[in-house]
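> Sequence:
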Amino acid sequence: NTGGMGAYSPAPVLTADLRDFVLKNVLQKAVDGLRKEGRKFVGVLYAGMMIDPKKGPQTLEYNCRFGDPETQVLLPLLDTDLYEVMKACVDGTLDKLDVKFKNK
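Numbering (the numbering used here), first residue to last: -1 to 102.
Don't take every hint at face value.
[To be verified] Have a look at the derived ranges for each label pair, beta carbon to beta carbon:
#1 E82 to V29: 17 to 23 Å
#2 E82 to D15: 26 to 32 Å
#3 R37 to V11: 30 to 36 Å
#4 K100 to G36: 35 to 41 Å
Hints listed in this document are in silico derivations from the structure and should not be mistaken for laboratory results. The C-beta atom is built at its ideal place from N, Cα and C for all residues, glycine as well.
Please model the entire structure based on the sequences and the hints provided.
Structure (C-alpha cells):
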C-alpha cells in the first residue's frame, strides 16, 4: 500500500465484471454487515484495494473518508453536484438521487 503515489482514470484493469464483483462481494457485504450490527452509517466508505492477478481483488483497508489521491481523479468525473450527493446522504435520500458520472 503506497498511499499518495498517484491515480489515473480510466483504469483499464477495472472491467465491468470486476466492478460488479467488487460492488456485490466487497462493498455491499460491508454495508450489509454494518446494518446487521445495527450501525447506521452515513457518509463515504472507502475501500482501499489491490488487484492480485492470481487471487483477484484484495481489500487492504476501509476508511470513513474519501481516498487520496483517488478522489482527485474521480470527483471531476462526477456530473451530479457533490453538495447534492452529500446532502442526500445526510437526509437519507441518496437512493432517490440519480447520481451521474461523465463517461470518460
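> It remains to establish, for every hint, whether it holds in the given structure.
Consistency of the hints with the structure:
The supplied range of 17 to 23 Å is met by E82 and V29, whose beta-carbon atoms lie about 21 Å from each other. Taking the beta carbon of each, E82 and D15 are about 30 Å apart, inside 26 to 32 Å as hinted. Here the CB-CB span from R37 to V11 is close to 32 Å, well matched to the stated 30 to 36 Å. Range check, K100 to G36: Cβ separation about 37 Å, and the 35 to 41 Å hint holds.
This entry satisfies every hint, going by the numbered hints stated previously.
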